[in-house]
Amino acid sequence: MKTCNILDFKTISFFHEGGEVACGPRKTNKSPLCFVDFDTSTEVDPEWAFEDFRSTEQWTHGYHRYPAKFLPNVVKKIIEDHSPANCNVIADLFAGCGTTLVEAKAHGKISIGTDINPVARLITKVKTTPIAPEQLQQAYEDLVTSFDGYNEANYLNIQKHERLDYWFFPSEKAKIAFLYDSVHNLDIEENIKEFFYVCISHILKNCSRWLQSSTKPQVDPNKLIPNPFDEFKRHCQKMIKSNAEYYDYLNRNGYLNVPFDIRLEDARHTSIESQTVDMIITSPPYVTSYEYADIHQLTAYWMEYVSNMSEFRKQFIGTSYSGNTSLEVKGSLLAQEIVNALAEKSKHIARDVAQYFNDMSEVAYEMARILVPNGHACIVIGNTKIKDVQIKSAEVFYELLKNAGLRKKDVIKRSIPHKLMPTLRDSKTGKFTKQDNPNCKKVYPNEFIIIMQK
35 MKTCNILDFK TISFFHEGGE VACGPRKTNK SPLCFVDFDT STEVDPEWAF EDFRSTEQWT
95 HGYHRYPAKF LPNVVKKIIE DHSPANCNVI ADLFAGCGTT LVEAKAHGKI SIGTDINPVA
155 RLITKVKTTP IAPEQLQQAY EDLVTSFDGY NEANYLNIQK HERLDYWFFP SEKAKIAFLY
215 DSVHNLDIEE NIKEFFYVCI SHILKNCSRW LQSSTKPQVD PNKLIPNPFD EFKRHCQKMI
275 KSNAEYYDYL NRNGYLNVPF DIRLEDARHT SIESQTVDMI ITSPPYVTSY EYADIHQLTA
335 YWMEYVSNMS EFRKQFIGTS YSGNTSLEVK GSLLAQEIVN ALAEKSKHIA RDVAQYFNDM
395 SEVAYEMARI LVPNGHACIV IGNTKIKDVQ IKSAEVFYEL LKNAGLRKKD VIKRSIPHKL
455 MPTLRDSKTG KFTKQDNPNC KKVYPNEFII IMQK
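Start counting the sequence shown at 35; every next residue gets the next number (the working numbering).
One thing to keep in mind: the hints can contain errors.
As the list claims (entries may be wrong) - In silico lysine to any residue, SDA-like type, Cα no more than 25 angstroms apart, as pairs:
#: 1; residue 1: LYS443; residue 2: ARG302
#: 2; residue 1: LYS257; residue 2: PHE203
#: 3; residue 1: LYS419; residue 2: ASN358
#: 4; residue 1: LYS348; residue 2: TRP201
#: 5; residue 1: LYS381; residue 2: GLN424
Simulated from the structure, these hints should not be mistaken for lab results.
Let's have the full structure, built from the sequences with the hints guiding it.
Listed below in structure tokens is the structure:
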């Protein structure tokens with residue numbers, strides 16, 4: 035038996051005793067020979083757990099809440115322990131809230147990030163941009179002074195997206211509208227305005243009817259809504275302090291002007307030039323975990339990034355709104371086996387997972403395209419279980435990366451003690467649930483860091 039290393043699943047097949055086995059869309063009754071040559075039962079590496087570190091609060095990492103936030107210490111250790119020789123450019127195709135770009139800049143590396151979500155792009159840009167502390171403090175004081183001129187009557191009837199009326203009571207909605215106007219009218223640099231916009235974005239959930247403990251849209255009928263002005267001042271002061279620490283660190287190390295670029299783009303098809311990236315560090319979305327578009331809808335509506343949420347959802351990898359009707363997976367025999375097993379339990383979920391794997395196949399080829407020869411791709415990804423079917427995302431994506439022409443350098447298994455993401459599923463429905471559900475099962479106890487080389 036040998037490893038199957040296939041470059042084009044549309045045209046190439048391979049053979050074993052008894053006949054041809056197609057690796058592409060053609061159907062066959064023959065058993066596949068492809069297998070993943072790393073053992074997922076390997077021991078957890080304790081050096082990668084960081085149980086006693088809450089690095090999400092260091093520097094600008096704590097600017098904005100974000101689901102499944104990339105642990106900065108993981109990115110830091112990847113850069114320091116696994117960068118290829120003469121590594122200058124680091125990319126993250128699922129930039130999210132910008133952890134990779136911030137850590138790259140803090141290590142003196144040029145970085146490029148892409149994300150399909152305009153909210154993520156805003157957060158990443160602000161988190162990675164250091165601002166002169168004195169300049170930022172003065173702008174903050176000028177902004178807070180403007181609060182004295184607030185007149186609720188001027189904002190109670192302000193027209194925004196109708197869904198905001200569902201999430202916000204009139205008084206809080208009026209104050210937030212005033213905050214946006216006040217920032218917009220300040221005579222300051224755009225990067226400082228964006229700093230304040232991120233602060234407003236962060237407090238939207240606090241000041242709405244959204245259940246505070248939930249990553250999914252859910253109303254809390256008993257929630258005590260805080261004053262948006264107080265929430266803004268509290269969080270902005272925290273951000274100002276964090277910016278000063280980040281600015282000081284970069285300044286002392288000569289990294290203030292190290293460039294970065296965050297682009298509003300699809301990870302499957304980016305504008306990054308071929309063979310220009312030395313290292314990719316990213317954590318793809320988890321299969322059927324939750325709808326990123328829904329999670330950020332409050333900011334998307336306030337910022338007028340989105341008018342039609344249904345259309346917005348369709349753009350995301352892993353969404354159940356893709357409209358996919360096929361159970362076919364191109365590029366991975368293992369992924370097809372997983373989808374077939376799921377189809378026996380739920381064709382709807384199976385179609386979602388098939389689309390996810392097909393999307394990730396495109397991402398794998400995009401990674402191979404932008405990497406320089408001998409460049410490294412470091413992927414942090416976890417497995418899960420849906421309806422008692424093992425969803426081997428790590429093994430599948432590893433297979434897809436090999437198909438794209440990359441080779442294994444290392445695989446690390448780490449526990450995930452701190453990660454803002456749902457970790458319990460109902461074993462019957464496959465939906466995320468709570469601890470008190472008798473059918474709940476923990477689905478993300480560990481994750482893998484797959485390190486590949488071009």
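Practice item. Of all the hints given earlier, name the ones this structure violates by number, lowest first. Key: none
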